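Peer 1: One letter stands for each residue in the lines below.
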Amino acid sequence: MERINKLLDNYFKGESTLAEEAELKQYFATGTIAPEHTPYIALFQAFGQELQQQYAAPVTKMLPKQATGKRMGVRALFYSGIAASLVLAVWIQRPRQEEDYAVIRGRRIDNPEYAQRYAEKKLNDVNEMLQHRLKPLRDAETLKENLRNVGEGGNDKSQIIE
Amino acid sequence: MDSTQFNVKILSLSDKLFRLAKSMLRNTEAAQDAVQDLSMKLWEKRKQLDEVENVPAFTMRAMRNLCLDTIRKQGDEDELPAEFEFVAPNPHQQAEQKDLAGRVRDMIDNLPELQRTIIRMRDVEGMEISEIAYITSIKENAVTVNLSRARQKIREKILYEQKYVEATIWKE
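Sequences listed follow chains U and E, in order. Taking this note's numbering, the leading residue of the first sequence gets 1, the next gets one more, and so forth. Taking this note's numbering, the leading residue of the second sequence gets 1001, the next gets one more, and so forth.
These are computed hints drawn from the structure, not numbers from a lab. There could be a bad hint or two in this list.
Unchecked claim - Sample of chain E residues lacking proximity to chain U, with all beta carbon distances greater than 12 angstroms (derived):
id	residue
1	S1039
2	A1057
3	E1113
Unchecked claim - Where chain E lies over chain U, by a calculated footprint (3+ residues, C-beta under 8 angstroms):
id	stretch
4	1–13
5	33–42
6	111–125
7	129–135
8	139–145
Stated by the list, open to error - In silico PhoX-like links for lysine-lysine, alpha-carbon gap of 20 angstroms or less:
id	chain 1	residue 1	chain 2	residue 2
9	U	K25	U	K13
10	E	K1009	E	K1045
11	U	K13	E	K1047
12	E	K1153	E	K1163
13	E	K1139	E	K1163
14	E	K1153	U	K121
15	U	K121	U	K144
16	U	K13	E	K1153
17	E	K1045	E	K1073
18	E	K1009	E	K1047
19	U	K6	E	K1153
Computed from a predicted structure; not experimentally measured. Beta carbons are placed, not taken as given, at the ideal position from N, Cα and C, and that holds for glycine.
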């Protein structure tokens, strides 16, 4: 027990070695822990749990910058262009497996993983931008529909009054 | 550095980079974006990576700098002051937070940025003090001091919380 107390003292002073810290982790993972050490179980558990956190590598979700009007249209076209050229580049190179590459901003990219991530990111951007851009149109359609319904409802009402 | 070397040396560090970014930014999505951004930036400069002696440490340092830039751009609005004091949870909060290890993670998250980065690099990633000093751009003895302060703060908080819980139980 004295050994563990000494290791803990060194640990909290920041003077323990990696090997000593591994010994402490091992001690707190075994389950036979002295009562005076129980407050520190959660501490070492927390480190173990954090190590299990992994990068999920999802399709990148890029937060679009607020843009409006013409700029947004130009950006949408720009990203659509990049995405289309990427898809085209990958498609053109498909039959020659050994020489697969993509062209991004005029540069040859040989790393398929990078090219795929880049393409996914840009396609996601385009998707988000189009969703954002089409929203006013959808709203306008909804408004038009509502106005039409109100107009028809108004006629009905006038008919009832009559 | 060709694509195979890049995949082995850089992309294999994704989990570590993600944990570092998450610890600094305290946001999962922002951390994922940071990993993505960094891997793209490094790919564009892959030729220069051949000259780097310790690629993992260099990459971690680049990630820390990228996260620091992000925090600066945010205006440090959600960064807690260095002298942040721990407030003991009331019994209701305790009931909500049954997971003690989760409480410890919160305590670490509430440490100043440098201390939480250092304690996680050491206690989660198992890095040497010299590596941490390189990544954080500070001297080795400064790493040791910050590590000690971080650990002692966590210990104080754990013991304080335990006393609070015991006192509450005795009252009841």
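Peer 1: Would you list, in rising numerical order, the hints stated earlier that this structure does not obey?
Peer 2: 1, 7, 8, 11, 13, 14, 15 and 17
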